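A.B. asks: In case you want the letters, here they are:
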Amino acid sequence: MLLKSLKVVNFRQFFGEQTIEFATDETRNVTVIMGENGSGKTTLAQAFTWCLYGDTDFEDKVVLNRALERKMLPGQEAKVRVELKLIHNGTEYTIIAEQIYRKDTSGRAKGQNIVRTVAYKKNGQQEFVRPLEVDSYIKQILPKELSRYFFFDGERIGKMSKEIRKGKSQEFAQAVRGLLGLNAFIAALEHLNPRSKYGVIGSYNQSYDVESDKRIAQYNQEIERIQDRLNRIDERLTELVEQIEIARDLSERTKEKLKEYEETAKLQEEKQKLEKELNKSINDRHIIISEVMQEFHKHYATYFSKSLILKSLEYLSEDDKLDKGIPDIHARTIEFLINRGSCVCGTEIKEGNEAYKKLIEALKYLPPQSIGIAVNQFVRESEIKVKSSTNLYEYVSEKYRIFRQHQEEENRLLSDIQSIEKKIEGMEGIGILQSNLSRYEKNIRDYEREKDELNKEKGALETKRDRLEYERQELTLRDEKNKKIEIYKKYAEYIFDELSRVYKENEDETRKKLEQYINEIFKNIYEGGLSISVDEKYNIQVFVDDESNFNNDIETSTAQSISVIFAFISGIIKMAREISKERDNDNKLLDSEPYPLVMDAPLSAFDRRRIKTVCDVLPNIAEQVIIFIKDTDGELAEEYMGLKVGKRYLFNKIDELHTILTPR
Amino acid sequence: MNTNNQIQIDKKKAERMLKRIIILEKNNLRTKQYNDAEMVKKIKKIIEEEVECF
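First to last, the sequence lines map onto chains A and B.
Counting from 1, one number per residue, gives the positions in the first sequence under the numbering used here.
Counting from 1, one number per residue, gives the positions in the second sequence under the numbering used here.
Calculated directly from the structure, the hints in this document are not laboratory data.
Bear in mind the structure is a predicted one, so any value in this text is a computation, not a measurement.
Among these hints, one or two may not hold up.
Said to hold, decoys possible - Only pairs whose alpha carbons sit at most 30 Å apart, straight line, appear in this in silico DSSO-like list of lysine-lysine: (1) B:42 <-> A:481; (2) B:11 <-> A:484; (3) A:110 <-> A:139; (4) B:11 <-> A:481.
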């Protein structure tokens, strides 16, 4: 496949119609499109996937240019269009994706369904693919499962690295096999497929002349019934294999999490201890506040009036400031004694006598006539109050010191708790993990049991089917017409078996060769004693080149990950290109198509030396290289790719909503 | 796959059929000329021609 041009109309920040022609020359096969951050590099790279598959990786699925959207009036329509011209298998295709947006009364532009059209040139005439076949055409040109590897986003490296390391789907493996030239085998096996009544073998089974012997029809019916059941068993077995794999993967991951949880449990315990300490400290602090408040309420008046009281006491202590009152004796006491006529000592009190006069004199110093007694009482009480409130300041100071200590302790505890929380963030409870693990393991056991039972049933049914087919053959061979059908069918079955065998051999060989290419490219980009292996599902594993560690898949750094992905993609492209070069040889069994490599910000994770290596390797491996790159990396890429660069463009960012593509 | 001795397979013929079928599939992948049902018919035709050929 060679990409010829991409035309975008009102696609995100590309306002109006803008076209980019790609370098397709064999010797100058690199197109460099440079732009600053946010100028639209990723958008243009995503325009390919939007055109081919009607979707983007953007969270916002509205692709209409925002400036145009603002200008639209309610009820007005605008169209987004992306047109991709490419050559695939010697045929020129034009793939168009269009989406109409209509502005509603709330001022929002809503997009209708995306409509994709595929046109191709046949004998100079433009032919259109029927709408229902658009997806299958695009799948043959570039399966979606593989598109992300050819339309490669450097910023998604982490995710891609995980994806290629494990858990890829059957579709992915099928798509890679297709690219590696095994499509003709896959199609032939599908057409011969003995499991389908519409395949070659199935249709021979349907075409026996049942009039020659009535029993043939009965055999046909019974064999068909068994075959249907076998097909259902096979489908279920495929499902079970996938489910077992998923459950095993989940079980492994849960075990790993539980292992991590051992550490987490310790941290959790520590956190609980710290939280307990924190709560105690907060509680103690509240007690301090309450105690201080209580004490304060009790003594604040005295405390704040203390200086005044002291001054009063000082004043009252001065001579003659107080009269000579008798403590605790009231005027009524004197009146009582006078009325009684005798003192407490027995002296007679009679009006005009000495005792009487003394008592009348004393009345002057007693309340209510005199305040001396009240003042004396005040002095006594004040002395007690002053004495008792002297410690309030020291008391509050001491409590405040303890309060501050608690606050500091709480800050330390909070910081420790937060750092533990960060460490255990996302960790589920151990109980949930353990119950999940039991569930996964039970599922595995159940699936395995079901698989064994189905395999037993399958074996018995196959034996029965083979016996019935043998018996039917005994009958069909007696009739000339049916005998011919039997012979054709035997050849079809033989070819199916042979094709399956050759396919398997070719697939193994192709995969080994792919592994070799990936390793060659990987070692070229990344030196470091690592090797890559490719399994049956085209999953990648990275190993240390040391026999003792050979079974351990190792964790890779970002630079290693990106090198692995480059090597993987380049390896596939190299093989596909090599196979396609032999296309003219009609006798060869494998057939493939060279593919371009479209890369968005591919070099950002590399250092200068690796950028040079990648720039040296890629244009020689891929049929065509299209790079969307920021200016600094772009200058380096252009320097290193030199004469390989055939077209140069610049993203001219006018503002956030407008970018113009200009040739350089 | 069921096999028995009553029908002998001529391996050279089978090999020729296999190659013709793969070439047919390769070409059809390129041209998309025939749909699945037509391809089944074409493959059957190859088998029948080769069997009849001496």
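A.B. asks: Indicate, hint by hint, whether the structure satisfies it.
C.D. replies: Here's how the hints hold up against the structure:
no., hint, in the structure
1, B:42 <-> A:481, "holds, 20 Å"
2, B:11 <-> A:484, "holds, 17 Å"
3, A:110 <-> A:139, "holds, 28 Å"
4, B:11 <-> A:481, "holds, 23 Å"
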